[in-house]
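One letter stands for each residue in the lines below.
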Amino acid sequence: MTDLAVTSLVVHYSGTPAVREVSFTARSGEWVTLLGPSGCGKSTTLSAIAGLERPVSGRIAAGDKVFFDGGTGAWLEAERRDLGLVFQSYALWPHMSVEQNCAYPLKLRRVGRVERREKVREALGLVGMEAYADRYPHQLSGGQQQRVALARTLVYRPKVLLLDEPLSNLDARVREKARDWLKDLQRKVGLTTIFVTHDQVEALALSDRIIVMEQGRIVQDGTPVEIYERPTSRFVADFVGTMSFVPARIGDGKARLADGQWLALPARGGGPRPPGEAVIALRPEALELVEDARAGLATEVVAASYLGGRYSHLVTLAGVPVHVESERAFPPGPATLSVKPEALLVFPN
Amino acid sequence: MSGLAARAVGVPTPDVELPRATGAVDRPFQAATYLLVAVVVLAPIVPIVVQSFASKPLYDATRAWTLGEYADLMRDPAFWQAAWNTLVFGAASTLVAQAVGVALALLIARTDLPGRRVLGAVATWPILVSHLVLAFGWIIAYGPAGYVTTWLADLTGGQPWNLYTIGGLSLAAGLSMAPLTYLYCVGAARTVDGSLENAARLAGAGPLRALLTVTLPMLRPAIVASAILNFVLAVELLVLPLLLGAPSGLEFLTTFIYARGFEDSTPRHGMVAAVAVVLFVVVTILVLVQMRLVGDGRRFVTVGGKAARPRRLGLGPWKWPAFALVAAFDLLFVVAILGGLVLRGLTSVLSPYVPLADALTLDNFRTIFEYEQYVRSIWNTLAVALIGGAIGTVLVAATALVALRSDVPGRSGLAFLAVYPRAVPGLLIGMGFLWAATWLPGLALLQNTIWILVLAFVMRHLPTGWGAVQPALLQVTRDHDRAARIVGSSWLRMAGAVLLPQMRPALLACFILIFVHLVKEYAAAVFLFAPGSEVMGTTMLTFWIQGENGAVAALATLQVGIVMAFMALLSFVPGARAHD
Chain A
1 MTDLAVTSLV VHYSGTPAVR EVSFTARSGE WVTLLGPSGC GKSTTLSAIA GLERPVSGRI
61 AAGDKVFFDG GTGAWLEAER RDLGLVFQSY ALWPHMSVEQ NCAYPLKLRR VGRVERREKV
121 REALGLVGME AYADRYPHQL SGGQQQRVAL ARTLVYRPKV LLLDEPLSNL DARVREKARD
181 WLKDLQRKVG LTTIFVTHDQ VEALALSDRI IVMEQGRIVQ DGTPVEIYER PTSRFVADFV
241 GTMSFVPARI GDGKARLADG QWLALPARGG GPRPPGEAVI ALRPEALELV EDARAGLATE
301 VVAASYLGGR YSHLVTLAGV PVHVESERAF PPGPATLSVK PEALLVFPN
Chain B
1001 MSGLAARAVG VPTPDVELPR ATGAVDRPFQ AATYLLVAVV VLAPIVPIVV QSFASKPLYD
1061 ATRAWTLGEY ADLMRDPAFW QAAWNTLVFG AASTLVAQAV GVALALLIAR TDLPGRRVLG
1121 AVATWPILVS HLVLAFGWII AYGPAGYVTT WLADLTGGQP WNLYTIGGLS LAAGLSMAPL
1181 TYLYCVGAAR TVDGSLENAA RLAGAGPLRA LLTVTLPMLR PAIVASAILN FVLAVELLVL
1241 PLLLGAPSGL EFLTTFIYAR GFEDSTPRHG MVAAVAVVLF VVVTILVLVQ MRLVGDGRRF
1301 VTVGGKAARP RRLGLGPWKW PAFALVAAFD LLFVVAILGG LVLRGLTSVL SPYVPLADAL
1361 TLDNFRTIFE YEQYVRSIWN TLAVALIGGA IGTVLVAATA LVALRSDVPG RSGLAFLAVY
1421 PRAVPGLLIG MGFLWAATWL PGLALLQNTI WILVLAFVMR HLPTGWGAVQ PALLQVTRDH
1481 DRAARIVGSS WLRMAGAVLL PQMRPALLAC FILIFVHLVK EYAAAVFLFA PGSEVMGTTM
1541 LTFWIQGENG AVAALATLQV GIVMAFMALL SFVPGARAHD
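As you go down the protein sequences, you meet chains A and B in turn. Sequential numbering of the first sequence, starting at 1, is according to our numbering. Sequential numbering of the second sequence, starting at 1001, is according to our numbering.
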């Protein structure tokens, strides 16, 4: 079991900085997710860890093995790092059968024929693909290819498992299953895992820790619950989960909306809130549409759509669109919006 | 036609709904196209096959049917020697071409080789030059009196090598064919998903190992296809064996036919035809195998996904040795040969003993423009290429429309006819048309004019044109056909008003490619040219054998210039590929 430490990492991509001063440590057996929109530097960070991209400065080390050190100029080629990487495209070698794909890393490690066969069978068993050993990659579905790609990396027991959006090429239904299965597998093998994704649902469901990145920098590092419930910036709040933003003016423990209505703020939490212009961030689950006009804020229902079991409503609050979910459908027109003060967040504008 | 052929030439499966012929002239047009292509393609083949079973020349009414020619052939040790030489030469030259071409492709497409762009471009130059001209270049540089040979002999005090052996010949032919292998493989190597190599690196493979165990196997279809293509090329090659092999008495199947069918005062028609049929059968089988292999590449196609960032393999300490190797290939086997040819055209003598400045002269070019036969062969070449390019393009367009977009029964057979000439050696096309002239009504009138050359050349390069037009037509969605038919258009109007305009860039590319190939052509003309209808290729061959090296080099330079100018034009055609 190995810790992976990334310190002050800077990576340039065709001359421009793609990763700027990124530092984090993944502890032994921990699942750390790099989350962010495309171009935020998450994949470049992963490539640098894998040894496919040479950083400009900083340090990467797994346990006592130094992969890269800008200070000493140390650099370990990708093939000497003993890492497992599952590619977004799976990168199964199309001219080799499933078995040959899995046996290749073992051949490079000079594992004998009998032991090789045993280890390949074991790895394929782990991902439930023993029956497909003689197939070629093009004869497999996307989900099956993903499993083989995983078996191919697990077969040589790498120190750290790197996953580069391995779920994004799967259909929505398969993806959900694959997600649960992947988490289960990682627990079983107990590998330190670095997972790159732009899908916040995947990140929340799978991670021990999420690192949110924007423009090459880490903007927040925390557990899924912290990231979702206590985002430290408007960017994180917006990127993770559904969030509506309403401009307001803060003063005296209360917020005054643009249309003159007042909203009580929670006594504690929700971050610092100096008096002045701000935005209030509202999750759909902090909101409720109610009959009683005195129980909340006056709004106007614009549209409703059925989600199956519940309805999603688009309402306007103080001139701004806001998403609310309800058990029943409200017709377009005036309505009342109840806000749970403990679930709202305030960010300086 | 067989499903095999249909798949190879890109004919749609029959379950796709096809526009039916409805207009009054639809069927006649389609039938006429089919018939014309069939006549043009079969005209040189049928007489040869028939002749091989006849006891006397075809024009002799007293001939009888017999297998005697084949029996005689089987007993002729000269034939067996020629067949053996052909096999050895074909295998050796293909081996050389594949080894060099694949190495070039891997180094240039996938590594950080310095100057790879320029090195790669130079390596493809020989493709633009006919084998006839390449043979001259080889002799000028590396022949017994070649300038490189003489220079080295002077330095070392002994003849460094002998080009006029089967080894020298195979090396020369192999290195001349290597650019074709390179082109086939470099395209494939560029499309190999970089993440496959990265996956190998992560799994523990070093850069060279990743290249050899992952990238190289991915090129297998391209390697096999180009190997067969090169072997076919070597087997049907006339000029290198003739110029390099004949001086030391080496005989090959093509030179066997050339000597007994063309040079002999009393040609042995039956025997020559029998050899030709043997050659047909071998080449046809190889071409069919190649078509099948090209059509079956699914195992080598990777599943989609974001293409990995192209990351070149770092050669590390091998960087400069690799550069030296590739640069040496370019210098020794491209620049030295083509450069030597151009220099020979510009000098009275090309030798390390004579300072270049003393030998420089324009006399060779003057000679060309003073002798009527040289001038005539230039004009004839241009006329044949222009007329042939135009006729060929029209024929290819009509063939493509009928074979790919009509409901004519047996249309996949038409598509097969359009690619089949690839399996017929150029020398035999000429011989076949010569014999057909005594057979086919009207063809005798064309004999000894440039028109029979036009016919033979167009037949030979029909597959080239097809290769330019067929993919373009396949890209036009069939919805256009259906839409035109629904608004009431006949098949012919639909084809003319909807499909042809969309094929315009492809047709232009088709014309330029056929033009260029016709300028380079010589093999198909050997049996057909007559005083007055010489082309550059035949003139060069005749005068070279007479020892007029300077003037021939100048003429070859001119030919290369014409070809390069037209290939430059091709780069302005959108979507056109310079190499088929």
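Heads up, a few of these hints could be off.
[Claimed, not checked] Listed next, the in silico DSS-like pairs over lysine-lysine satisfying Cα-Cα at most 30 Å (straight line):
#: 1; chain 1: A; residue 1: K119; chain 2: A; residue 2: K188
#: 2; chain 1: A; residue 1: K340; chain 2: A; residue 2: K254
#: 3; chain 1: B; residue 1: K1319; chain 2: A; residue 2: K65
#: 4; chain 1: A; residue 1: K177; chain 2: A; residue 2: K119
#: 5; chain 1: A; residue 1: K65; chain 2: A; residue 2: K183
#: 6; chain 1: A; residue 1: K107; chain 2: B; residue 2: K1056
No lab work stands behind these hints, which were simulated from the structure alone.
Compare the distance between the alpha carbons of A:K119 and A:K188 with 30 Å, and conclude whether the hinted pair is satisfied.
Within the cut-off at roughly 16 Å; holds.
Given the proposed pairing of A:K340 with A:K254, does the C-alpha separation stay at or below 30 Å?
holds (14 Å)
Holds or violated: B:K1319 with A:K65, Cα cutoff 30 Å?
Distance of about 28 Å is within 30 Å: holds.
Sort out whether A:K119 lies within 30 Å of A:K177, counting only the CA atoms.
OK: A:K177 and A:K119 at ~26 Å, within 30 Å.
Does the structure keep A:K65 and A:K183 at a Cα separation of 30 Å or less?
holds (27 Å)
Check whether the Cα positions of A:K107 and B:K1056 lie no farther apart than 30 Å.
Judged against 30 Å, a Cα distance of about 66 Å means the pair is violated.
Of the hints listed earlier, the one the structure fails to meet is number 6.
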